[in-house]
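Required output: the full structure, derived from the provided sequences and hints.
For what it's worth, this note's numbering labels the leading residue of the sequence shown as 5, then goes sequentially.
No lab work stands behind these hints, which were simulated from the structure alone. Each hint should be verified, as a subset may be incorrect.
Unchecked claim - What follows is a set of in silico ranges between Cβ atoms, one per label pair, in the way DEER data are often shown:
| hint | residue 1 | residue 2 | range |
| --- | --- | --- | --- |
| 1 | 44 | 7 | 21 to 29 Å |
| 2 | 35 | 14 | 32 to 40 Å |
| 3 | 24 | 55 | 23 to 31 Å |
| 4 | 19 | 58 | 37 to 45 Å |
| 5 | 6 | 58 | 28 to 36 Å |
| 6 | 13 | 47 | 36 to 44 Å |
| 7 | 14 | 50 | 42 to 50 Å |
| 8 | 48 | 26 | 13 to 21 Å |
| 9 | 7 | 36 | 23 to 31 Å |
| 10 | 56 | 17 | 44 to 52 Å |
Given the structure is predicted, the values throughout are model-derived calculations rather than measurements. Ideal Cβ placement from N, Cα and C applies to all residues, glycine included.
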Amino acid sequence: MTHNLILNYGLYRKMEIYRPHKATQEEMTKYHSDDYIRFLRSIRPDNMSEYNKQMQRCACLFPLCITCF
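So this is what it looks like as structure tokens:
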């Protein structure tokens, strides 16, 4: 929705676009636990079923949860 508003009002013409750099593991662990970052690095579509129990036991909204890993 925000993207469409920016386009329709022509605001994109007045914007400067910055592309972020790929965060390092050190930068990611400033905001997320080491276990959560390890989990994100290891999960893939082909092995997701292996992590179902881990995701289900999380009481908060996965993947926003950082306390369950």
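Results for each hint:
| no. | hint | in the structure |
| --- | --- | --- |
| 1 | 44 / 7: 21 to 29 Å | 25 Å, holds |
| 2 | 35 / 14: 32 to 40 Å | 34 Å, holds |
| 3 | 24 / 55: 23 to 31 Å | 27 Å, holds |
| 4 | 19 / 58: 37 to 45 Å | 40 Å, holds |
| 5 | 6 / 58: 28 to 36 Å | 33 Å, holds |
| 6 | 13 / 47: 36 to 44 Å | 39 Å, holds |
| 7 | 14 / 50: 42 to 50 Å | 44 Å, holds |
| 8 | 48 / 26: 13 to 21 Å | 18 Å, holds |
| 9 | 7 / 36: 23 to 31 Å | 26 Å, holds |
| 10 | 56 / 17: 44 to 52 Å | 47 Å, holds |
Hint check: no violations occur; every hint is consistent with the structure.
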